[in-house]
Each structure stands twice: as structure tokens, then as C-alpha cells.
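> Here is what each chain is made of, one letter per residue.
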Amino acid sequence: MITVERLTRRYGDFLAVDDVSFTCQPGRVTGFLGPNGAGKTTTMRVVVGLTPATSGRATIGGHAYRDIPNPGRHVGVLLDASAQHAGRTGREVLTLGARTMGLPDRRVDEMLDLVSLTPVESRRRVRHYSLGMRQRLGIAHALIGDPSVLILDEPANGLDPAGIRWMRGLLQGFAEQGGTVLLSSHLLHEVEIIADDMILIGHGRIVAHGDKESLLASAGSAACLVSSSDNEWLAEALTRAGLAVTPQWGALRVAAEPVEVGRVALAAAVALTELRPADGGFEDLFLELTSDTQRDPAATGVAS
Amino acid sequence: MSATTQPPTLGHSLDVTSTSPLPLGRLVRVELRKTHDTRAGLWLLIAMAALTAVVMAIQLAVVVVNDISVDYAAFMTSTSFSIALLLPVLGILLLTSEWGQRTAMITFSLEPRRWRVIVAKLLVGGILATLAVVVALLLGAGANLLYGALEGVPATWGLSLAEVLGFLLIQVIGMLTGFALAALLLNSAAAIVVYMVYSFVLPPLFQLGSFLIGWFGDLRPWIDFNSAQTPLVDASMTGQDWAHLAVSGVVWLWLPLAIGLWRVLRAEVK
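The listed protein sequences derive, respectively, from chains H and C.
Using numbering that gives the first Met the number 0, read the first sequence as starting at 0 and increasing by one per residue.
Using numbering that gives the first Met the number 0, read the second sequence as starting at 0 and increasing by one per residue.
Next up, chain C with everything else stripped away, as it sits in the complex:
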């Protein structure tokens, strides 16, 4: 139109040669910040730590009163009522909060290559799961020391690295499952409800099925994702256990995750 009146540097094309793309590390730092820069997010993290401590305190009280002998590993299993419950919720909120609050529009306009945002969020989920395990280990150690002091016996430690890694893997799987359901449903409430069905309704159904139907009992290890994770707890995974975990994970984790991510990467962001 009136290009001659424009300064030569401000032409009609955009010079992007000197701009570098967003480094993944920066995206991870921003996504990590988003998990605790609101009251709701911060309190979810605090609640996870607090609930872990409370459950362990109850466990400690029960074993001391009833004079039951426990060790470090026993305290760690109690986290199935705390972080194992809330990490998937965290995984869900990592994604659905962007949809519910409609900030996905901003996030994806600052990084249009959406898969990089997704990778950053998954890494943040991994970081938080690891942190949760570290906190649980510290709290468990505290509970175990208190137990030894209260009972007047030396505390039993003996938690192997394999057990710790198995424990971490369980938490990461939980977080990933939450994330997969979140991507599939893009709605916090729906994803949390479906996750609860996953972890509380399905296991008894599987148990009942294998009790009543003979052939189902043989099939169950290959399709029951929950029971496939059980040997991870005491690090007794055999080759066949790993195969069970991998195969049952296809249906309950990888398939929903793949469909969900395909949806998020293509969805119209409103």
C-alpha cells in the first residue's frame, strides 16, 4: 500500500532468524511454577505431604497400641492411602486446569508446538512424583524412628533400592494414568471420577470375575493393571510379572494416553 513511506527496517516480512525456539528446560520450569502459583495448587501439594504424615501417624499409633512389629517398608506401604491417591489427581489437574480455566489458549499461543508443552507437563509430573517419594521416605524414616523409640526396640530399616524404585514406578504410573484420563476427558471432575473407578471399582470386579469364572482367572494377570503392579511393592518382579505389567498397561494406560494426546494435539482450543 504505502510501503515507500515505511522505514526500511519495518518491512512486510517478519525476521525470525535471530529468535531461538523455547528451550524445553524453560517450559518445564514454567509448568512447574504453574503447579503451585495458585492457592488451590499450593494447597494440593501441602495436603499431599500432610496426608502422608497423618496416615503414618495413625499407623504408628495403631501399631504401638496393639504392639505390632513393623519395619520401614511397612510405613512406606501406608502411602497408598496418601500420595498414591493424590498424585493421579495432580496428574489430572496438570492438564485439565488449563482447559477449565481456559489458559490453554495462552499456553498454546506462546508455544504452538503443543507436544513440547505436553512433554514439559509430563516431566513436571515425573519431578513431582519423585519429590513425593522423597518426602514419603523422609516421613517414613521419621515414623520408623519414633516407632523404635516408643517401643524401645531398634528400628528395622532394610528397604532395598529395588523397592524404592518399584515404589517410585508405581507413583509415576499413577500420575501417568491420571494424565492420560485428563487428556482423554479434558475435564477435572470426570477424569477424577473415572480414576476412582479404575482404582476402587475395577480391582474387586476382577477378583470376583476370576473367582467365579475359571478361564477369567487365567486371563486376569494380563488385563488387571492394578494387580500387575503389586509385585513392584516388595521388588519381587519376575520376567512374567513385567510382561503382565506391560500387557495390562496397554489397555489401561497407553491406549487412553495415546488417544488423549492425539486429541489434545489436534483439539480446537477454546
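Same shape as in the complex, but just chain H:
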């Protein structure tokens, strides 16, 4: 389990991390979500002791990171997949890790296999790797010591959709065996796919923290997507009923529960072709929670 207590990191006048506290539970994947420059990376670097904290503390399973003997055997760390010697082969990178941790060389092949890097690819130098391949190599390096805690900064960055799905399977399997996972991302949909719990951070402060479902429920902004045989007529009827309507990709986005939309459609005698809860609710939540901490003002509806 990872515990961060009242952590602050200051660079001159700039507060990169401002009084941040949270915990990551074993058996769960915790997503650390926030726009670029929100303080995710700095927080993770403090947790693994690469950046000293200005105040506050971080522990892993009750220990400060620097007090863990042979930490690679307990905590798998991937902070920057590109921070590898460009002249080493992928296999050599893993071999150095295995040798440092005192592991047999067969672990290297097992890990290459796990992250689907072929023997030919493993003998190429890292400078010829795509970002996706570097991420796979970084994941392999983090897992090679068979740790019970994983700390991954932007691990899905550079992965294709199939790769993200693969990572979800890998990390959820890891969590199911009792492992603790903290991963960061600036992309909502990545965290939405992979994580069980979420920590939202903006401008160095935590703005929301909880499991995905309860965060969604607390958002309270029910919305659904509807399309019908006559969208224009339906939009008019919905507006007359006092509901906010926004056209979106050939359908209508309505700020209401599906049952209300159904009632209006019934009264207006419009045949519905589709009616479902909008899955963008989470994105609204993300933008809303970080809007006053975002670099760009949150975009409001497509056309309002």
C-alpha cells in the first residue's frame, strides 16, 4: 500500500505539489489523473525518493522508499520510458535490472515474453524503439523483480488501443493477486479503462479522490444520448420541456435521465432509434473538477 501524507514540494515560488494526501489500496489499480503539469510526476518521484519533499512524507507498505532493501524486489518503478541508454539493447536493459536485483537471467526472457517483445526486437538498440515498445520494455523492467507494488508514470502513453487493453488486463491481473498499482495519466479514457480508483489532481492539489463509480455518482450531472426518426422535432420538444439539448455526432445530448427523455418523446410521438446514458459524464466531471486549474478553459458543449 502507498500512503502519501500532506506532501508538499516547492520550487522557489512555485508549488508543484501542494499538501497532497492519498492512499493506494492493495488489490486495486489507482489512477492518478490530471492535466500536464498538475504535479503527478513530482508526487511519484517523491514517493520513490528521486525528489526530496519540501514537507510531508510518503511510505510504501509502512517504509520510506530508501529504507526498503533491494527495492526492485518490492516496488516496480517506471517513471519515464524514454530514460534509457539509447545504445543498449532492450535485452541488455533488462539484464542490468535482473543482475542488480540478483535475479537469474531467465527472468529477462520471461519478461520479454510477458510484454510481447520478440527475441529479434529485444536485440535491437533502444534508440530504434517506438514509444510503445519503450513502454513495454519499461513495464517489463518494473515487473522483473516480481514486486507487490507498481508505480507507473504515463505507462499507456504511446500505446495503441489494443496495447491499452493489454495493459488493463496485465495490471488488473496484478491487482487481483493482491498487488498495489499507482499509475498516472493525463488522458481520462486511459484511466477510465484501466483504473478502479481515481485521484484527480490539478495545480498540485487533489480535487477528487475515490472509486470510479462513486466519483461518477457524485458528479450528479445525468446526461444521455438520444437519436430518433426526427431529431429536429425531438430537440424542439425537449427544449420546450425545459431540458438542455446539444447536438452531438448526429444525435442529441440531453442533460436528463433517459426516462425523462423517453416521456418527452412519447408525448411528442417521435420514434426513438437510440437512447442511452452518455458516457461522456466522466469527461465532464474531469473537465469540471480541473477547469479552474486547467491551462485551457474547459470547452463547453459542441454548440450551445
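Fair warning: there could be bad hints in the mix.
[To be verified] Taking beta-carbon pairs under 10 Å as the criterion, some of the chain C residues facing chain H (in silico):
id, residue
1, Thr-18
2, Arg-28
3, Lys-33
4, Ala-49
5, Glu-97
6, Phe-107
7, Glu-110
8, Asn-225
9, Glu-267
10, Val-268
Since the hints were derived computationally from the structure, they do not count as laboratory data.
Backbone N, C-alpha and C fix where the C-beta goes; we use that ideal spot for every residue, glycine too.
Dock chain C against chain H, hints included.
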């Protein structure tokens, strides 16, 4: 949160009692491997050996053509143009390559007690300096044998153990100086440039200073680290020579090394 649903063995605390810390010997082996597991690193080592051989070959050609009488020790002094030049660069790269390629993040997350990594790297520098001396001794012996054969005279050996140790000490000091500058600057190019200033710009300045200013001539032995190492070459170190070496080393080696290491141990690793 839902601790009751978790298997009892996978609790919230980390059991580290059965994990032993990284042995220093293992760190040394890994650091040694890092010096030659890239093309650049491997070729630097090969280039050192090759350059030593080339310089000796040139020396051999010159002395044979000009009919100059030389001995084993003379061949060894020619290494001031090869390994004495490149060992400090090696010392620099031992450290700066971790910064330039940003692998320090990985190295220090696998061993957060950074001073142990530094000690391992220094030991690797010592091992490579010793290896370089062994290679130079072998190549020098080859050159000396060839000289004897080409000139038709018996080769003159007579290299004392004190001379060999003095020679080794010079190489280790060079490597350490490079390492100190690397720790201070954390940048390969800057550290190499400053080292070149150390070894090529400062000595003539010291010489000029002591020629022009009377009192500077008296002070010079205590502050000129380069000339303080000269008696090591022919093993003629006196008590006062050792004192000169120790005192001048404070400014040019120990102080930069201390400040540099203090920086590396505390620096935020990016």
C-alpha cells in the same frame, strides 16, 4: 477500505525482513558491465588499448630510425599520450553517461542509497585503471622486445615495483580527477573541457608564473598538482614530494570531488 476481502498474506504493510540489501560486489559487477555494454563504451576501451599500441609503435619507429637508446621505462612514459589522456575521460563518462542518458533515475531507484552506487563506480574506475596499466605493461614489454630485436642489442628492463605503483597511482589520480569534475558538472562535454584545461593550460601557466614572480616559484610545488605527480614517474618521491602531492591535491582533486559527490548525493535526479 475492503481489507477483509483481501487474502491475509497480502496486507497493507510490506514485509522486507527476508530481503537482503544489494551486496556491493554485485553493484560493482553491474557498473563494470555498464562500461562496455554499449558500442560507445566498448569502443572507448578498445581505443585506449589501440592508442597505447599506436603511440608505442611510433616511439619505436622514431628511436630505431634515429638510433636512440631506450629502455622499458621509456616506453611506459609514452602512455602519457594514450591511457593517461583517456582514463580521465573514462572516469568522467562513468558518471555523466547516467545523467546524459537519464539512466540515473533507474540506477538510483534500484539502489536509493546513492553513495553505494558512487563507491561501486569508483571501484570500477580503479579496476579499469589497473587493467589499463597491465595492458600498457604488456604492450611496453612487446615494444621493448621488438626494439631489442631491431637494434640487435639486449633489451633493457629494470622497471622497479615502485615505478609500476607510481605509474598506477598517476592513472588512478587521473581517473579520480575526471570523476570529480564529472560529479561537479554532471555534463560530459563540460567535464572533458575542464579536464583538458587542467592538464594542458594550467601547467604552462604555473611554469610562467614561477618564472616571472619570485615568491610564486616557492609556492608552486604546493599548488601545482601536475608537477607534484612528476616524481611518481621515476619513483623518486621524497617525504616533501608526498607533502606537495597531498596539499596540491586538496585544491585540484579532493575539494572538487567532495563538492561534486555532495551534489550527486543530494541532487534531484531527472
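> Determine for every hint whether it applies to the structure shown.
Consistency of the hints with the structure:
no., hint, result
1, Thr-18, "holds (5 Å)"
2, Arg-28, "holds (7 Å)"
3, Lys-33, "holds (7 Å)"
4, Ala-49, "violated (20 Å)"
5, Glu-97, "holds (9 Å)"
6, Phe-107, "holds (6 Å)"
7, Glu-110, "holds (7 Å)"
8, Asn-225, "violated (34 Å)"
9, Glu-267, "holds (5 Å)"
10, Val-268, "holds (5 Å)"
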